[in-house]
Amino acid sequence: MGLSLLNCIPPEIITDIFSYACAGNSLKMSIQMGPVLSLVCRTFYEHCRATGTDIQFASVRGVGRMQIFLDLLKSREQYGRRVTSLMLSEGTFHGPEHSAATVGLVIDIVRSVCPRHLRILAIYLPVPFTGISPPLSLPVVLPSLDVLLLSGTLLHSEPGQPPCTPKLTHLHLTRIVSLPSEHLTHELKSFAPMLETLKLSFAPDMDNGLKLLQPLLSFVDSIKNPRGPLHQQQQQLLTPPPSPPLPPHASLPYVAHPFPPTLRQIIVDFYPCYFARDLPALALAAGGNDPITNYRSGLLLFNRVSELPASIFGIRSNDPVVTLPVPEVRSLDEFNADEGVRLRGFTAQWEDCTMMGGARQTGRVTGCGPSLPSWVWIRT
1 MGLSLLNCIP PEIITDIFSY ACAGNSLKMS IQMGPVLSLV CRTFYEHCRA
51 TGTDIQFASV RGVGRMQIFL DLLKSREQYG RRVTSLMLSE GTFHGPEHSA
101 ATVGLVIDIV RSVCPRHLRI LAIYLPVPFT GISPPLSLPV VLPSLDVLLL
151 SGTLLHSEPG QPPCTPKLTH LHLTRIVSLP SEHLTHELKS FAPMLETLKL
201 SFAPDMDNGL KLLQPLLSFV DSIKNPRGPL HQQQQQLLTP PPSPPLPPHA
251 SLPYVAHPFP PTLRQIIVDF YPCYFARDLP ALALAAGGND PITNYRSGLL
301 LFNRVSELPA SIFGIRSNDP VVTLPVPEVR SLDEFNADEG VRLRGFTAQW
351 EDCTMMGGAR QTGRVTGCGP SLPSWVWIRT
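With UniProt numbering, you'll find the sequence shown wraps up at 380, consecutive numbering, no jumps.
Honestly, I wouldn't trust all of these hints.
[Claimed, not checked] Per label pair, the in silico range of CB-to-CB distance:
no.: 1; residue 1: Glu-97; residue 2: Met-356; range: 36 to 44 Å
no.: 2; residue 1: Leu-210; residue 2: Pro-135; range: 19 to 27 Å
no.: 3; residue 1: Ile-292; residue 2: Gly-62; range: 33 to 41 Å
no.: 4; residue 1: Ile-312; residue 2: His-98; range: 32 to 40 Å
no.: 5; residue 1: Glu-97; residue 2: Asp-207; range: 21 to 29 Å
no.: 6; residue 1: Tyr-79; residue 2: Ile-292; range: 28 to 36 Å
no.: 7; residue 1: Asp-338; residue 2: Arg-316; range: 24 to 32 Å
no.: 8; residue 1: Pro-261; residue 2: Asp-290; range: 38 to 46 Å
no.: 9; residue 1: Val-141; residue 2: Glu-97; range: 26 to 34 Å
[What the hints assert, rightly or not] When the alpha-carbon atoms are kept at most 20 Å apart in a straight line, the in silico EDC-like pairs for lysine to aspartate or glutamate are as follows:
no.: 10; residue 1: Lys-189; residue 2: Asp-221
no.: 11; residue 1: Lys-224; residue 2: Glu-196
no.: 12; residue 1: Lys-211; residue 2: Glu-307
no.: 13; residue 1: Lys-224; residue 2: Asp-207
no.: 14; residue 1: Lys-224; residue 2: Glu-187
no.: 15; residue 1: Lys-211; residue 2: Glu-187
no.: 16; residue 1: Lys-74; residue 2: Glu-97
no.: 17; residue 1: Lys-224; residue 2: Glu-158
no.: 18; residue 1: Lys-211; residue 2: Asp-221
no.: 19; residue 1: Lys-167; residue 2: Glu-196
None of these hints come from the bench; they were simulated from the model.
Glycine included, every Cβ here is placed at the ideal spot set by N, Cα and C.
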């Protein structure tokens with residue numbers, strides 16, 4: 001097509017053509033179409049720069065590329081920063097300072113994209129084997145975000161602030177070695193009030209088990225007994241009035257689960273237990289707990305919530321809380337190789353999610369919860 005003919009085509013049609021060429025279906029190609037289009041000629045470059053069609057689906061890996069992507073965003077007007085699906089990943093841990101710099105870059109990039117157009121956001125951060133996942137505070141409200149995939153980090157929100165993801169329906173928190181506190185469930189309400197599906201991947205030790213056991217049991221009970229609030233009202237009619245009397249229009253509170261009220265299903269994918277070959281003996285000699293025993297004791301706690309399947313064929317996908325098969329105890333020597341596998345799985349999950357259009361296009365049906373897309377079940 002000659003440039004003279006290209007200039008005769010209305011820009012709206014060119015934008016549709018470019019958007020189709022750079023669609024999510026091209027993510028699995030060896031060469032991404034978006035960056036290639038902007039290099040064809042000056043006319044293509046100017047159009048991509050003005051409309052953002054070349055970066056509507058962007059996967060940025062490594063701190064160096066993140067900085068280049070940030071500079072590219074800052075060089076454009078707001079309309080040229082329209083990113084629909086974004087993945088930011090750094091797979092190698094080089095120390096706390098490197099981790100903090102990576103988090104800072106992620107925050108700057110999220111602040112720089114056009115917030116109204118971002119529907120899918122995936123963030124993969126490096127974490128040490130024994131480290132606590134760093135918190136991540138979204139710098140702006142993302143009013144259209146539908147899917148948020150976080151690996152190696154936890155989303156933090158300030159109390160009293162408006163929700164930063166008011167329309168979020170799918171949230172994944174994976175590679176969480178240690179949960180920061182028992183208040184995680186309450187924070188979910190503050191930044192994702194419309195959440196429908198939650199996937200958690202964490203180490204099932206006793207500490208994490210004690211933090212999550214009661215919230216998960218309450219959630220299962222509320223889903224299986226949806227008449228809880230009505231039953232509570234009936235009990236109030238049969239109960240003598242409190243002394244002193246309640247104010248007008250007040251009622252006794254119904255104690256439900258602490259998750260967002262729209263939540264329909266929780267998927268639990270356990271993080272493996274890693275140990276050095278001589279660690280159990282050293283721990284016992286020092287009077288400490290054997291990490292493998294701690295791991296298996298935690299699994300017994302979670303088995304009270306949902307029966308742990310022995311294989312993928314035993315997954316009870318209709319349950320309110322779905323547990324995936326428990327991974328084998330792993331040697332610490334295998335940690336780095338496993339991290340590579342998890343990063344590839346996370347990337348495949350983001351690609352499939354983007355190709356299917358996010359959480360609204362579904363490919364798997366469950367009984368009690370929403371129809372779940374197939375990418376939800378990829379282990380990360």
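Now the hints, each set against the structure:
Taking the beta carbon of each, Glu-97 and Met-356 are about 38 Å apart, inside 36 to 44 Å as hinted. Take Leu-210 and Pro-135: their Cβ atoms lie about 21 Å apart, and the range 19 to 27 Å holds. Between Ile-292 and Gly-62 the beta carbons are some 35 Å apart, a value that agrees with the proposed interval 33 to 41 Å. For the pair Ile-312 and His-98, the beta carbons lie near 36 Å from each other, so the given range of 32 to 40 Å is met.
Roughly 27 Å separates the CB atoms of Glu-97 and Asp-207, a value that falls within the hinted 21 to 29 Å. Take Tyr-79 and Ile-292: their Cβ atoms lie about 55 Å apart, and the range 28 to 36 Å is violated. Take Asp-338 and Arg-316: their Cβ atoms lie about 26 Å apart, and the range 24 to 32 Å holds. The given range of 38 to 46 Å is respected by Pro-261 and Asp-290, whose C-beta atoms sit roughly 40 Å from each other.
With their beta carbons about 29 Å apart, Val-141 and Glu-97 fall inside the hinted range of 26 to 34 Å. Our distance criterion of 20 Å between C-alpha atoms is met by Lys-189 and Asp-221, whose separation comes to about 19 Å. Annotation: proposed proximity of Lys-224 to Glu-196 holds, straight-line Cα distance about 16 Å (limit 20 Å). Taking the CA atoms of Lys-211 and Glu-307, the gap is about 19 Å. The hint holds against a cut of 20 Å.
Our distance criterion of 20 Å between C-alpha atoms is broken by Lys-224 and Asp-207, whose separation comes to about 27 Å. As the CA atoms of Lys-224 and Glu-187 are separated by approximately 24 Å, the hinted pair breaks the 20 Å bound. Simply put, Lys-211 and Glu-187 have alpha-carbon atoms about 14 Å apart, close enough for the 20 Å limit, and the pair holds. Taking the CA atoms of Lys-74 and Glu-97, the gap is near 24 Å; set against the 20 Å cutoff, the hint is violated.
Distance restraint check for Lys-224 and Glu-158: the Cα-Cα separation of roughly 32 Å exceeds the 20 Å cut-off, and the hinted pair is therefore not satisfied. Using a Cα cut-off of 20 Å, the hinted pair Lys-211 and Asp-221 holds, with the two alpha carbons roughly 17 Å apart. A C-alpha spacing of about 10 Å is found between Lys-167 and Glu-196, which places the hinted pair at or below 20 Å, so the restraint holds.
This entry does not satisfy hints 6, 13, 14, 16 and 17, going by the numbered hints stated previously.
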